[in-house]
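Order-wise, the sequence lines are chains Z and L. Read the first sequence against the numbering used here and you will find it ends at 371, with the numbers running on by one and no gaps. Read the second sequence against the numbering used here and you will find it ends at 1259, with the numbers running on by one and no gaps.
Read the hints as simulated data drawn from the structure, not as lab findings. Hints may contain errors.
Unchecked claim - Label-pair distances were calculated between CB atoms; the ranges are:
id: 1; chain 1: Z; residue 1: Leu-106; chain 2: L; residue 2: Val-1068; range: 49 to 55 Å
id: 2; chain 1: Z; residue 1: Leu-346; chain 2: L; residue 2: Gly-1122; range: 40 to 46 Å
id: 3; chain 1: L; residue 1: Gly-1205; chain 2: Z; residue 2: Leu-346; range: 49 to 55 Å
Every residue gets a Cβ at the ideal spot worked out from N, C-alpha and C, and that includes glycine.
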Amino acid sequence: MSNSRPRGRPLLRTSYAEDLALLDTPAKRWWTAALLVLALSLPFLLTDDLLQLLAVCCVAAIGAIGLGLVTGYAGQVSLGHAFFLGIGAYTAAGLSGDPDGRVIGLGVTDIALWLPAAGLVAALAGVLVAPLATRLRGLYLAIVTLGLVFIGQHVFNEWSALTGGAGVGRPAATLEFLGRPLAVTDAVATRDQKLYWLMLVLLLVFAVAARNLARSRIGRAFTAIRDRDIAAGVIGVNLPRYKTVAFAVSSFYAGCAGALLYTVTGFFDPGSFSLLLSVQYIAMVLIGGAGTISGAIAGAFFITLLPRLTRELQAWVPFVSTQPNEVPNVFQVETILYGVLIIVFLIFEPRGLFGLWIRARNYWKAWPFSY
Amino acid sequence: MTDQEILRFSNVRLSFAGVRAVDGVSFTVGRQELFAIIGPNGAGKTSIFNVLSGVYRPQSGRVVFDGVDLVGRRPHEIAALGLARTFQNVELFANLTVLENLLLGRHHHIRYGPLAAVLWRGRARREELAARAAVEEIVEFLELEQWRRMPVGLLPYGVQKRVELGRALAMEPKLLLLDEPVGGMNLEETEDMARYILDVREELGVPMVLVEHDMGLVMDLADRVLVVDFGQPVATGTPAEVQTHPDVVRAYLGEVTAA
């Protein structure tokens, strides 16, 4: 490909294929490669508890990408993400659980089966919810999807044969591939190292797929619906169909993320899928940068690492206690920080972390000039 | 409907509560024609366009486009039949680049589904490359080269109007509706746009319906003109006929009271 390019003209494009490439400049290709090498080698650099946290970050990023597609790209504000995460988690756990156990389990332990199944069941739920989006918009849609969370919580609490019941919970899906357990410590690597690699690879697959979708005919239709829905219809975008596709894809991502999320800690209960979870995902998308895939990933890492960061922060601010019964304590700081961050980002950098990155990039591009 | 007509708009009535926005308007547009609709503010010109593109549904009347009745069809179905339009107030997707806006115009010429899109292989890649090449022809036609990768929200108003024309052309329409293509433009921009409209007609052979307040432009470009006032048709004819029609003069300048 680069053979035909004249020397010293790295940005010259000689075909539409080069023009449409995902990594269209040499700088992007090099930096992506470097980031990938760093991410893959982290297990040799970090301790196991941090790796476990990063594995959760990767899974959260898959869920955030899903919400980013429906809310960031297609502009359909959904507060129901926790509901779809829950459906995915219980589908996967129910499929792969122990048939003789306390809760429903079918013994299908292979991740190649339960992961797509969890995604598809959640996607189906998304398709069923989508007609709401074709009739309501903006705040009204947000309120209705909020209702999903409450319905979900009620069902998850009451259906204790599947979920184990409120406050009790059940084991998460079993991580096995072709009969071999994926996450056990052996001579080669620890459980957490393997978990991290697995989740990282899955995140890469889901992220590239989402990026491809976003730059396709479908992604363009999503953006058109978000920016001007009447004009989108007039130029030929079938609004109900694309809103349905947006909810289906988003819920598929949520279902897969939900299925994977609790395999790291191993146990979960119906209380997990509350409004707070939905709000956390909204925060990931908003703080990361709505309408970008990399923003959703950055936001997911940021929000997931935030509790850990505030704990670390405690060493520098001695008057903040680590005891929950003392005031002020780190848990209070965490809750407040969370809200403050959303407000600060919405006011000062609505494009989120992605916007900060663009600013930094433009600064260095223009240096030493101001623009 | 004869073969010479692309559009027949017959006796359409559209009202909102008590307001009669379109009240019994009829006209036809020929396959090579540049047809203009003029009238004072609030006369119902844009409402006629909204009926045509399926945004509003008229209470009565028929709209036959290329042998198909449009009444009751949804906007995206009408777009797929080959009816494209621009808007009075630019309705571009401001966050998207010029190229992306034009590619959106080709939406229904690209047919691959979500699964192909996710993999970006085979059909999806082929169709995207073909669409990119097709869009480049429009970039060249409308001389948009220097703005290809700019978000349209950052472009000057005159260029935005041109991009919107490009988006409509990307649909490869059988009939083009232009809602005030030179509204708010200065003389130079107006002349540019007039040139593009003539180019569309000469080189692409697309018939057009033009709503415009710039009388100079209408009289120079249009083959026939329909004048509407308060939703009702006042006169139809060549620009010269319409200009001297007493009812038209009354609609624009008011009643002649004492002589």
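Against the structure, the hints:
About 52 Å separates the C-beta atoms of Leu-106(Z) and Val-1068(L), a value consistent with the hinted range of 49 to 55 Å. For the pair Leu-346(Z) and Gly-1122(L), the beta carbons lie near 41 Å from each other, so the given range of 40 to 46 Å is met. About 50 Å separates the C-beta atoms of Gly-1205(L) and Leu-346(Z), a value consistent with the hinted range of 49 to 55 Å.
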